[in-house]
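Asker: For reference, the chains in residue letters:
Protein chains: 2
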Amino acid sequence: MTSRYTIGLDYGTNSVRTLLVDTANGREVATAVCDYSYGDQGVILTRDPNLARQHPSDYVTGAKVTIRKALASAKIKARGFKPDQVIGIGVDTTGSTPMPVDSNGQPLAFQRRFAKNLAAMAWLWKDHTSVAEAAEITELARRIRPQYLAKCGGTYSSEWFFSKILHCRRAHPEVFDAAYSWVECADWVPAMLTGTEAPDRLTVGVCAAGHKAMYNEEWGGYPDAEFLSQLDPGLGELRPRLRPKACAIDRSAGGLTDLWAKETGLPAGIPVAVGAFDAHLGGVGAGIAPETLVKIIGTSTCDMMVVPVSQGLADIPGLCGIVNGSILPGYFGLEAGQSAVGDIFNWFVNYLQPLGKAGSHEALSAAAAKLAPGESGLLALDWNNGNRTVLVDQRLTGLLLGQTLYTTPSEIYRALIEATAFGALTIINRFEEYGVKVNQIVNCGGIAEKNPLVMQIYADVTGRPMKVSRSAQTCALGAAIAGAVVAGKKAGGYGDYASAQKAMTGLKPRAYRPNPKNHEIYRELYALYRKLHDAFGTSSWNGNLHDVMKQLLVVRNRVRK
Amino acid sequence: MTSRYTIGLDYGTNSVRTLLVDTANGREVATAVCDYSYGDQGVILTRDPNLARQHPSDYVTGAKVTIRKALASAKIKARGFKPDQVIGIGVDTTGSTPMPVDSNGQPLAFQRRFAKNLAAMAWLWKDHTSVAEAAEITELARRIRPQYLAKCGGTYSSEWFFSKILHCRRAHPEVFDAAYSWVECADWVPAMLTGTEAPDRLTVGVCAAGHKAMYNEEWGGYPDAEFLSQLDPGLGELRPRLRPKACAIDRSAGGLTDLWAKETGLPAGIPVAVGAFDAHLGGVGAGIAPETLVKIIGTSTCDMMVVPVSQGLADIPGLCGIVNGSILPGYFGLEAGQSAVGDIFNWFVNYLQPLGKAGSHEALSAAAAKLAPGESGLLALDWNNGNRTVLVDQRLTGLLLGQTLYTTPSEIYRALIEATAFGALTIINRFEEYGVKVNQIVNCGGIAEKNPLVMQIYADVTGRPMKVSRSAQTCALGAAIAGAVVAGKKAGGYGDYASAQKAMTGLKPRAYRPNPKNHEIYRELYALYRKLHDAFGTSSWNGNLHDVMKQLLVVRNRVRK
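In order, the protein sequences belong to chains A and B. The opening position of the first sequence corresponds to residue 13 in this note's numbering, with each subsequent residue numbered one higher. The opening position of the second sequence corresponds to residue 13 in this note's numbering, with each subsequent residue numbered one higher.
I should point out that these hints are in silico values taken from the structure, not numbers from a laboratory. In this text the structure is predicted, and so the values were computed from the model without any measurement. A couple of the hints might just be wrong.
[Unchecked claim] Here are the computed distance ranges between Cβ atoms for each label pair:
1. Arg535/B - Ala127/A: 32 to 40 Å
2. Ala127/A - Lys573/B: 32 to 40 Å
3. Gly555/A - Pro302/B: 52 to 60 Å
4. Ala384/A - Gly458/B: 31 to 39 Å
5. Tyr418/B - Ala127/A: 27 to 35 Å
[Unchecked claim] Calculated cross-link-like contacts (lysine-lysine; reagent style BS3-like; alpha-carbon spacing at most 27 Å):
6. Lys138/B - Lys573/A
7. Lys76/B - Lys274/B
8. Lys520/B - Lys449/B
9. Lys562/A - Lys543/B
10. Lys520/A - Lys382/A
11. Lys369/B - Lys543/A
12. Lys382/A - Lys449/B
13. Lys76/B - Lys128/B
14. Lys369/A - Lys369/B
15. Lys562/B - Lys138/A
16. Lys382/A - Lys462/A
17. Lys573/B - Lys89/B
18. Lys138/B - Lys562/A
19. Lys382/B - Lys369/A
20. Lys502/A - Lys274/A
21. Lys543/A - Lys573/B
22. Lys501/A - Lys257/A
23. Lys562/B - Lys529/B
24. Lys94/B - Lys81/B
25. Lys529/A - Lys382/A
26. Lys138/A - Lys81/B
Note that CB positions come from ideal geometry on N, CA and C, so glycine has one too.
Looking at chain A on its own, in the form it has when it is part of the complex (with noise of 0.2 Å):
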């Protein structure tokens, strides 16, 4: 039988990513990537530290470049490979990346009045520049539409979709005005391999929509005009170009262009699979099922859960999102996560540089993890950059405490791991509180492939097992899935989502099992962790926090006997 093959297109921060995978296997045979030309590592920034954009034109060329190489790739590492085995093609992006279109869905960007303009290119997830606008949907949603903050954790944000465009509309008219609409960069790639652009033919994702955008069927898609009105007419107007439905993965955007079969060398017509988030298609990568939990851990993470949407659902406070079809069809797509956990730990060796260069990440490390939990009396709270869930709130800064006048660097570093590890299992404890069954946790991320002493402490404070996904690559795999599923099963793809993750995801031999005599100090430590994260974090709580030293010390004394 001849192997079939699909291509995961993977648009990250910096670069596109090319995944070519054996649909019977996941096996990854070819990889390229291609760094966008634009900006700073494919950011374009300003004096202002809120504005972060890309060009669109890097877009282009990012999958150009990478499904052109990884043939060529694959064509010296599988043997006999031809690119008409290719059966079909998915794609994630970073989001939410909204960029303004003209009224054939063109990027403003590529037109020579808007080329410089910075308004018109793609406002990256992290572009910060509507923290007003977002208070002020925020605000008027509070108000009269309480229920679509009730689905993204109760406060609409600066990164996301509409909060971008508002900004646009106040700070860049002339952009606003010559725009026909918006469109994320989730929806725009797979529009722009399949011809589909146009604002009537386009296909939008319900990941993008429905995470960053308040879409949902429940109120008949975006936000009714009524509303967007109050913020600004121009935005209500705005409204009927916006598609009236969004879709899940499991569709075809459309069948690739003749033009780009050309270019890069792929069949013409392959399906190409509704885009969709990086994070949610990783989710798909790692295996995501129900009551499986699948963590990307990086610099911050994004915790996914999926819930037969035939099992119902109610609101969970203080996750980010609850999105019908967001990660796989047929399922509440949950999304919750942690704001920073690798950018602790990078904050604290380069920004301290503790011990000066003998303070990198494999020392501390490697002397952390010759101490036992309880040991350093230390105790931190991960909130360098706030608390996404359960808190929901960006106003939030780290704490420590328990420090000695010998309190070491590796003392420290081993609490900020400790942190991040006790506010990963507030996650989880929220997911259960709610009545969704975590049975098992698939992590993937640099972070879990990289350092075994995070996922060790992880395992002994959840006192569960944490497992690792097969692939390093899990966005651009769970792309690839999409692309297999689109393909359909007669062409040697899948017919559903649960069979091509069967098939072509796993896990890592190796899985980090709980030590039952560390996770017993853990549920101590955690107890006095969640008395301090209630005590700040929330205005609900209230008592007195006299005995957290105290009891840190009785701990560390019994340990260190």
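With the hints as your guide, set chain B onto chain A.
Answerer: Frame of chain A; chain B shown alone:
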């Protein structure tokens, strides 16, 4: 008129210093230092980290060597100087540093059979082997003699006289049984110089007895025999062999013996003042007087005030000690302190080693000096070594909050300095809350001498000028003043402390004046510090800390604009 001189003999933890001072103006004519020969820098250590002893033979050698050297130096430096111009001697030592003595008042350590027995040595102030006994004494006193605790901050310390003796009784009965009595180093050195070591001739100072041995005339001197017997019958039997009365430093312990005159070259018979602790005579040397707070700032602080006995004084909760005559005769000596100040900065620089070699005190101070109050968004508690005043709780630890992903070492360094300033302000407030007005603050010690940033922050936080004592050797200077007072006016000394201090002490010309704008910001930050202080440090506080991080961000954002 011929100049007259007195000698201050200053027994520190690592060395002895002799300071020769001109009584007319406090000019420090000559000084000589002798490092102790035993142990590690004068401190005998074992594998038990709590143990710290000294060999009393170092006390003998130290006096001989440094007095001779200082006199030799004076002959070179002061034109026409002759040793018979020296009219008196004062002594300050560490404490509580008790040692077991025989029926002649000679240290047991001088006996061949105890020559290597550490229990027969001097139990240095920082020896913590007696933690269990301290708890036992506190517990019993709380039950049956609460008045004993009211004068020493509510907790009897493992560093103090009876804890150490009781521990010796329990752990080293052979030494306890061989000891006729126990003598503080501060009392033994003057006795040695004047040949009054015999237990029935010994003069004990009220500074050591009152602050460390629960001596108070209100209840007839040392704790009563019944109380001591309940701790241990052996301790009860010791009670009658302790002196009935303790004296202030205006009393002479006797005249210098012929033998010591011969050994040192000093005139025989010159008076030696009753001994006192280094910090207390440091207060005298810094010009302590009613309404003047003297802060000795080094690794930790000692904060001292005096109140005329005639004025009366209620107990002040949280103070380490209130003792009639312990600093100046006729005044209550009030002692407060912070368990760590310089030690916290040293911890940060030496243990964390931020920025590697680029993270020296000098470099961090220089960078921290460029920051405005509130600019970092950080807030710390100065409890890395517990809290002496006002919480009297060693079981407290450090805390730092407000960290982001961009927090720098110099920001933390400044936050740690500010934390110690907030701790200092808490002590000032406590004095004033109980009617002890603070009208002037005089600083001395290593940090006051060397770190202008710390002094400026203290001025800005407290809103009060920070003055610095002229002498860099205030303890030895205070001892020399004691020598001038016991010598008396006729001999060329002084009839009382007020006139001696007026002539012999002074301030550096530069005072650190508070910046009103900075003080305003620090008032806001101090309110947050107090909230943390009370929430973590007291069992009576009840509330919520939800606003702390947010309020720090509000201040930070305002300052950064």
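Asker: For every hint, state whether the structure bears it out.
Answerer: Okay, the hints, checked on the actual structure:
For arginine 535/B and alanine 127/A, the Cβ-Cβ distance of about 53 Å falls outside the hinted range of 32 to 40 Å, so the restraint is violated. Taking the beta carbon of each, alanine 127/A and lysine 573/B are about 35 Å apart, inside 32 to 40 Å as hinted. Between glycine 555/A and proline 302/B the beta carbons are some 42 Å apart, a value that contradicts the proposed interval 52 to 60 Å. Checked against the hint of 31 to 39 Å, the C-beta distance between alanine 384/A and glycine 458/B comes to roughly 37 Å, which is consistent with it.
Between tyrosine 418/B and alanine 127/A the beta carbon distance is about 33 Å. The supplied range of 27 to 35 Å therefore holds. With a C-alpha separation of about 23 Å, the suggested pair lysine 138/B and lysine 573/A falls inside the 27 Å cut-off, and the hint holds. With a C-alpha separation of about 10 Å, the suggested pairing of lysine 76/B with lysine 274/B holds against the 27 Å cut-off. Of the pairs offered as hints, the one joining lysine 520/B and lysine 449/B holds, with about 23 Å between alpha carbons and a cut-off of 27 Å not exceeded.
The hinted pair formed by lysine 562/A and lysine 543/B meets the criterion: a straight-line CA distance of about 18 Å does not exceed 27 Å. At roughly 25 Å between alpha-carbon atoms, lysine 520/A and lysine 382/A fall within 27 Å of each other, so this suggested pair holds. The suggested pairing of lysine 369/B with lysine 543/A is violated, with an alpha-carbon distance near 38 Å, which exceeds 27 Å. Only pairs whose Cα atoms come within 27 Å are accepted, and lysine 382/A paired with lysine 449/B is rejected, the gap being roughly 52 Å.
Of the supplied pair hints, the one linking lysine 76/B and lysine 128/B holds, its CA atoms being roughly 23 Å apart against a limit of 27 Å. Between lysine 369/A and lysine 369/B, the direct Cα distance comes to roughly 9 Å. Compliance with the 27 Å bound is thereby established for this hinted pair. Pair hint lysine 562/B plus lysine 138/A holds up; C-alpha atoms about 22 Å apart against a cutoff of 27 Å. At roughly 18 Å between alpha-carbon atoms, lysine 382/A and lysine 462/A fall within 27 Å of each other, so this suggested pair holds.
With a C-alpha separation of about 57 Å, the suggested pair lysine 573/B and lysine 89/B falls outside the 27 Å cut-off, and the hint is violated. Restraint check: the Cα-Cα separation between lysine 138/B and lysine 562/A comes to about 22 Å, which is no more than 27 Å; the hinted pair holds. Of the pairs offered as hints, the one joining lysine 382/B and lysine 369/A holds, with about 26 Å between alpha carbons and a cut-off of 27 Å not exceeded. The straight-line distance between the Cα atoms of lysine 502/A and lysine 274/A is roughly 25 Å, inside the 27 Å bound, and the hint therefore holds.
The straight-line distance between the Cα atoms of lysine 543/A and lysine 573/B is roughly 34 Å, outside the 27 Å bound, and the hint therefore fails. Between lysine 501/A and lysine 257/A the alpha-carbon distance is near 26 Å, which keeps this suggested pair within the 27 Å criterion. Only pairs whose Cα atoms come within 27 Å are accepted, and lysine 562/B paired with lysine 529/B is accepted, the gap being roughly 21 Å. For a cut-off of 27 Å, the pair hint linking lysine 94/B to lysine 81/B stands: about 14 Å separates their Cα positions.
Taking the CA atoms of lysine 529/A and lysine 382/A, the gap is near 15 Å; set against the 27 Å cutoff, the hint holds. Proximity of lysine 138/A to lysine 81/B is assessed by CA-CA distance (about 71 Å); at most 27 Å being required, the pair is judged violated.
In this structure, the hints that do not hold are numbers 1, 3, 11, 12, 17, 21 and 26, in rising order.
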